[in-house]
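Line order of the protein sequences matches chains A and B. Okay, so the first sequence: first residue is 1 according to the UniProt record's numbering, each after it adds one. Okay, so the second sequence: first residue is 1 according to the UniProt record's numbering, each after it adds one.
Calculated from the structure, these hints are not laboratory results. The structure displayed is predicted, hence computed values, not measured ones. Please note: incorrect hints may appear among the correct ones.
Below 20 angstroms or equal to it, Euclidean Cα-Cα: the simulated EDC-like pairs (lysine to aspartate or glutamate) are [stated by the list, open to error]:
1) A:Lys21 / B:Glu158
2) B:Lys131 / A:Glu197
3) A:Lys99 / B:Asp91
4) A:Lys21 / B:Asp97
5) A:Lys99 / B:Asp58
6) B:Lys131 / A:Glu113
7) B:Lys135 / A:Glu98
8) A:Lys21 / A:Glu113
9) A:Lys99 / B:Asp207
10) B:Lys49 / A:Glu197
11) A:Lys99 / B:Asp177
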Amino acid sequence: MQANLRKLGALIAKDAADLAKNPTMILCVLMPVGFAVFYRFFIGDMGLAGSLRGDGGLGASSQVTSVVQYIVLSMSLCLSIGMGASVSLIYGLAEEKEKHTLRTLMLANVSAEQLMLAKGFVAFVLTIATELVCFAVSGAPWSLAGWYLLLGSVGAVPVILVSLVVGLASRDQMTAGLYSVPVLLLTMAPIFGSFSEGIRAVVRFAPTGGADELLRLIVSGSLTPAAAVAPLAVTAVWMVAAVVVFKLLYRRLLRDN
Amino acid sequence: MSAAILSMEAVGLSFGDKRVLDNLTFSVRRGEVFGFLGPSGAGKTSTIKLLTRQLSRDGGRISLLGRPLERATEADYERVGILSDTSALYDRMSIADNVELYARLRGVGRRRVPMLLQRLGLAEDAKTLVKHCSKGMRQRAALAAALVHEPELLFLDEPTSGLDPAARAEVHKLLADLRARGATVFLTTHDMAEAETVCDRVAILADGAIAACDDPDELKLRYARNRIAVRTRTRGTLELSKDPADVAKLPELACAGELLAVHSDEPNLEEVFLELTGREF
């Protein structure tokens with residue numbers, strides 16, 4: 001147990017330090033924050049809010065504010081999970097495979113479980129930290145912060161599990177670039193839900209769809225137990241599916257590597 | 001030297017239809033530097049992979065640290081160090097940070113790291129990022145990472161590949177130190193001179209099986225040719241057999257004042273290797 005924790009600690013410290021020096025990973029973190037700033041101050045305050053007040057028929061300014069906040073928070077949530085939990089993991093693992101550092105660690109008596117746990121944990125913390133910064137930028141009331149981070153955490157876990165499998169399946173960073181596209185698109189799909197009800201009806205089944213729907217209900221103040229059942233079920237199904245996929249593929253992929 | 005620290009008995013390995021190892025049998029004694037030699041593609045790296053659980057064998061028995069490989073525990077592998085042909089360090093971290101990572105993973109703390117880097121000629125470059133290091137520096141840093149926990153059994157897959165002669169000599173000294181403190185080293189190399197210098201025993205792998213296994217000097221004697229070369233004052237160099245009739249000519253040459261030098265025509269390890277494998281490296 002002590003050896004396990006010691007190894008886990010060393011791996012987490014290594015992954016965190018390496019992340020801080022990796023320009024690709026820094027970009028992964030900055031992108032959601034940058035978009036949050038852009039949406040809040042340029043599209044939100046100046047554009048979208050004005051158009052909603054003028055032509056959207058939303059008279060009450062609190063209603064307008066909540067729509068803007070939902071858009072900024074929804075986009076930040078999906079982008080933070082997409083970039084922090086997905087892209088950073090897939091590229092990170094693929095780089096370790098390409099440069100043989102993963103194998104070298106395993107030859108130093110580090111188990112695959114320890115490696116995956118450390119990488120998953122760092123990606124999770126990175127995602128939550130990014131979500132927190134995005135939340136601060138969004139201008140939403142801090143009373144919502146706990147909910148937001150909870151939804152961010154719930155949405156991140158299945159994406160992390162799937163990304164670990166996709167990272168292991170990627171031979172090198174070039175294949176990682178290809179494989180990460182569908183994962184990223186699926187993760188970010190709920191952003192497009194605000195375009196139309198038709199799109200929303202589809203994207204709410206995405207891995208982050210449940211968390212995004214719950215976020216919309218919370219920000220608009222219409223969260224009820226009955227309304228929460230469907231998004232919670234979507235999230236639970238993704239969680240279970242991700243665990244199953246991870247368990248099925250992980251051993252085989254590890255052996256292939 | 002004492003009982004076997006690792007052994008293979010009738011081990012086989014195939015990749016698809018290709019038989020890589022066939023009936024491979026040998027053992028390594030505790031405390032020796034054991035050279036595992038063979039032409040490219042002979043199965044040297046595959047053998048290390050079998051011993052380090054990166055591959056599964058088709059048949060036969062493997063024993064590691066006194067117990068069957070199947071029953072080797074994580075704790076057993078904490079006593080093992082491995083430098084593989086693909087061992088690599090993190091590019092964006094310094095040499096010292098990389099070796100310290102392995103020290104932490106192995107639970108030995110950082111105290112040994114500066115001394116080890118000094119020993120491998122890396123002390124001045126300890127803070128250099130690995131991405132800025134030469135191939136030789138990377139190889140030495142990877143060796144430091146494999147050695148940081150003072151393993152009882154060390155697998156080294158061509159550890160001096162890419163090193164300059166000075167660095168190579170440092171590694172040879174380090175291997176001598178490891179042997180002096182009782183560690184066992186399983187070494188693969190293409191360099192026959194290196195094998196002669198550092199190994200207590202060598203095994204030569206040919207066609208997936210051990211063609212010969214012994215002390216390098218014994219091997220050379222075993223494959224010595226039945227002839228001696230005699231340098232004379234006026235008759236040049238004469239080649240004589242070791243038969244009594246030919247040997248009897250030596251006193252005659254000496255009495256005639258012709259004898260300058262007598263050389264036994266003993267092969268070096270490389271020639272033994274070529275004779276056994278019939279192949280170039």
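A quick look at each hint next to the structure:
1. A:Lys21 / B:Glu158: This hinted pair is violated, its Cα atoms lying about 31 angstroms apart.
2. B:Lys131 / A:Glu197: 51 angstroms, violated
3. A:Lys99 / B:Asp91: 9 angstroms, holds
4. A:Lys21 / B:Asp97: 13 angstroms, holds
5. A:Lys99 / B:Asp58: 29 angstroms, violated
6. B:Lys131 / A:Glu113: 28 angstroms, violated
7. B:Lys135 / A:Glu98: 17 angstroms, holds
8. A:Lys21 / A:Glu113: 25 angstroms, violated
9. A:Lys99 / B:Asp207: 31 angstroms, violated
10. B:Lys49 / A:Glu197: 56 angstroms, violated
11. A:Lys99 / B:Asp177: Since the Cα atoms of Lys99 (chain A) and Asp177 (chain B) sit roughly 31 angstroms apart, the hinted pair is violated (cutoff 20 angstroms).
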